[in-house]
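A.B. asks: Chain by chain, the residues run as shown.
Number of protein chains: 2
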Amino acid sequence: MVRALIFDVFGTLVDWRSGVARESEAFCNARGLAIDGLAFADSWRAKYQPAMEAVRGGGRGYVALDLLHRENLDATLLEFGLEGSIDAAAREVLNRAWEKLPPWPDCVAGLNALKPDYVIAPCSNGSIALMTWLAKYAGLPWDAILGAEIARAYKPQPAVYLASAAALGLAPNEVMMVAAHNSDLAAARAVGLKTAFVPRPSEHGAGQTSDLAPDADWDVIAADMVDLARRMRS
Amino acid sequence: MVRALIFDVFGTLVDWRSGVARESEAFCNARGLAIDGLAFADSWRAKYQPAMEAVRGGGRGYVALDLLHRENLDATLLEFGLEGSIDAAAREVLNRAWEKLPPWPDCVAGLNALKPDYVIAPCSNGSIALMTWLAKYAGLPWDAILGAEIARAYKPQPAVYLASAAALGLAPNEVMMVAAHNSDLAAARAVGLKTAFVPRPSEHGAGQTSDLAPDADWDVIAADMVDLARRMRS
Numbered sequence: 001m002v003r004a005l006i007f008d009v010f011g012t013l014v015d016w017r018s019g020v021a022r023e024s025e026a027f028c029n030a031r032g033l034a035i036d037g038l039a040f041a042d043s044w045r046a047k048y049q050p051a052m053e054a055v056r057g058g059g060r061g062y063v064a065l066d067l068l069h070r071e072n073l074d075a076t077l078l079e080f081g082l083e084g085s086i087d088a089a090a091r092e093v094l095n096r097a098w099e100k101l102p103p104w105p106d107c108v109a110g111l112n113a114l115k116p117d118y119v120i121a122p123c124s125n126g127s128i129a130l131m132t133w134l135a136k137y138a139g140l141p142w143d144a145i146l147g148a149e150i151a152r153a154y155k156p157q158p159a160v161y162l163a164s165a166a167a168l169g170l171a172p173n174e175v176m177m178v179a180a181h182n183s184d185l186a187a188a189r190a191v192g193l194k195t196a197f198v199p200r201p202s203e204h205g206a207g208q209t210s211d212l213a214p215d216a217d218w219d220v221i222a223a224d225m226v227d228l229a230r231r232m233r234s
Numbered sequence: 235m236v237r238a239l240i241f242d243v244f245g246t247l248v249d250w251r252s253g254v255a256r257e258s259e260a261f262c263n264a265r266g267l268a269i270d271g272l273a274f275a276d277s278w279r280a281k282y283q284p285a286m287e288a289v290r291g292g293g294r295g296y297v298a299l300d301l302l303h304r305e306n307l308d309a310t311l312l313e314f315g316l317e318g319s320i321d322a323a324a325r326e327v328l329n330r331a332w333e334k335l336p337p338w339p340d341c342v343a344g345l346n347a348l349k350p351d352y353v354i355a356p357c358s359n360g361s362i363a364l365m366t367w368l369a370k371y372a373g374l375p376w377d378a379i380l381g382a383e384i385a386r387a388y389k390p391q392p393a394v395y396l397a398s399a400a401a402l403g404l405a406p407n408e409v410m411m412v413a414a415h416n417s418d419l420a421a422a423r424a425v426g427l428k429t430a431f432v433p434r435p436s437e438h439g440a441g442q443t444s445d446l447a448p449d450a451d452w453d454v455i456a457a458d459m460v461d462l463a464r465r466m467r468s
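The listed protein sequences correspond, in order, to chains H and S. Residue numbering for the first sequence follows the working numbering, beginning at 1 and increasing consecutively. Residue numbering for the second sequence follows the working numbering, beginning at 235 and increasing consecutively.
The reader is advised that the hints may include incorrect statements.
Here are some of the chain S residues that sit facing chain H, going by a computed Cβ distance under 8 Å [stated by the list, open to error]:
id: 1; residue: I320
id: 2; residue: D351
id: 3; residue: I362
id: 4; residue: A363
id: 5; residue: T366
id: 6; residue: A369
id: 7; residue: K370
id: 8; residue: D377
id: 9; residue: A378
id: 10; residue: I379
id: 11; residue: P390
id: 12; residue: L402
id: 13; residue: G403
Using 16 Å as the maximum straight-line C-alpha spacing, the simulated EDC-like pairs for lysine to aspartate or glutamate come out as follows [claimed, not checked]:
id: 14; chain 1: H; residue 1: K47; chain 2: H; residue 2: E25
id: 15; chain 1: S; residue 1: K334; chain 2: S; residue 2: D300
id: 16; chain 1: S; residue 1: K370; chain 2: H; residue 2: E79
id: 17; chain 1: S; residue 1: K334; chain 2: S; residue 2: D351
id: 18; chain 1: H; residue 1: K136; chain 2: S; residue 2: D300
id: 19; chain 1: S; residue 1: K281; chain 2: S; residue 2: D308
None of these hints come from the bench; they were simulated from the model. Built from N, CA and C at the ideal position, the CB exists for glycine as well.
One chain only, chain H, in its complex shape (with noise of 0.2 Å):
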């Protein structure tokens, strides 16, 4: 029944936190400046969710996510005290730490498996590119980038994971959702996507607290993506 898989990303196959304070310590180093890079990777995605709540509500026209996060780093870098430090040409380069993100150890593994069964794609808030060049960094083997520019639309707005089935030319049923976020899941089951979840108990450190176990009767729980394959082969 279930024809294609569709991903989160930020989070749940890629370490944000861990890959964007890596890039952004050492991008600083590099210049003589200092910084605490995992507080300087929260700085700067807990900026991501207000940022895309003007496009969904309607008072900004959908703008690609590259261009929010590089919003993002200058309203970050000022908080930082560094706004001074590093030019426009720079910040192009830093904005890319979005596209240089380690993979989770099982993610490779687990989309290699699934995808001689099912067509595998990110739904992602991240653009085309943002999607395509990360991919490219971190090995993850697509077989389309769907997602937010395709709708035009951010998560957890239904035309995303719509729009994702539909370029494929599934029905929402035939297309299955896997996220580390229960309320990514909830917003496709909501639209007749089947889901899955994978927890990712350290993507915002030690001390998370959110999105810990499934909150709800889920179509599949798996431990990780290779969990994930076995259990889509069974």
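Place chain S on chain H using the hints.
C.D. replies: Same frame as chain H, now just chain S:
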């Protein structure tokens, strides 16, 4: 300088004529109907450019190529006197012949050789769905699916090439269009893309008269996709 290669698909990477002929013959034979598969494929394909022209001219809004193929199938069945023999549900199945086309023998090896160094993606008039399922069938290892549906326009309209480059966050001259059709390359070059020609002298069968050789000084002229990969490395 070039960071992505984008490819024409029908004719350049896959042998649509043999593939559609084989699928159509098998489909009809299974129903006790005899057809000349190559004549059927040629007739079906002959309606391709006129159908897109209605969209290019603005008389019809963008619809995916799958729908144009489906409408053209109706007209082709009528020409072959089969309009009463194949119902609507069966026509949907036959329409998927375009997802089951054999790659030319050099394509998969050539694309795999290019993939470590470049983003590779189709820039076809086929839809995201058609390109994704065809890639799954033929083993084309795309990084992303670009082309007509991203732009909601049909080649050789400039928007298709420009939207494909923009979707990767690249300038036109960072992207190379690869095709077996001189007109496709001329349109890509006109909006700033780099160009590579690969001849496919039997796309239309033994009597082919078009596109037997490059008709301009394209940036790269290669014998096949493996040769293209070799030239892009040197």
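A.B. asks: Classify the hint on S:G403 as holds or violated, based on whether any CB of chain H lies nearer than 8 Å to its CB.
C.D. replies: Holds, about 4 Å.
A.B. asks: Going by Cβ atoms only, is S:K370 closer than 8 Å to chain H?
C.D. replies: At 6 Å from the nearest chain H Cβ, S:K370 passes the 8 Å test, so the hint holds.
A.B. asks: Does S:P390 pass the interface hint, meaning its C-beta sits closer than 8 Å to a C-beta of chain H?
C.D. replies: This hint is violated: S:P390 lies away from chain H, its Cβ roughly 22 Å from the closest one there, beyond 8 Å.
A.B. asks: May I ask you to test the interface hint for S:I362 with respect to chain H, counting a Cβ-Cβ separation under 8 Å as satisfied?
C.D. replies: holds, 4 Å
A.B. asks: Hint S:L402 vs chain H: min CB-CB distance below 8 Å?
C.D. replies: holds, 5 Å
A.B. asks: Is the shortest C-beta separation between S:D351 and chain H less than 8 Å?
C.D. replies: violated, 10 Å
A.B. asks: For the pair supplied as a hint, S:K334 and S:D351, confirm whether the alpha-carbon distance does not exceed 16 Å.
C.D. replies: violated, 28 Å
A.B. asks: Let me know if the C-beta of S:A378 comes in closer than 8 Å to any C-beta of chain H, holds or violated.
C.D. replies: Because about 4 Å separates S:A378 from the closest Cβ in chain H, which is inside the 8 Å limit, the hint holds.
A.B. asks: With 8 Å as the cut and Cβ atoms as the points, is S:I379 at the interface with chain H?
C.D. replies: Cβ of S:I379 sits 4 Å from chain H, so the hint holds.
A.B. asks: Has the given pair, H:K136 with S:D300, been kept, meaning a C-alpha gap of at most 16 Å?
C.D. replies: Roughly 29 Å between the alpha carbons, so the hint for H:K136 and S:D300 is violated.
A.B. asks: Does S:K370 pair with H:E79 here, judged by a C-alpha cut-off of 16 Å?
C.D. replies: Since the Cα atoms of S:K370 and H:E79 sit roughly 47 Å apart, the hinted pair is violated (cutoff 16 Å).
A.B. asks: Measuring from the C-beta of S:A369 to each C-beta in chain H, is the shortest one below 8 Å?
C.D. replies: Check passed: Cβ of S:A369 comes within 7 Å of chain H, closer than 8 Å.
The earlier numbered hints that this structure contradicts are 1, 2, 11, 14, 16, 17, 18.
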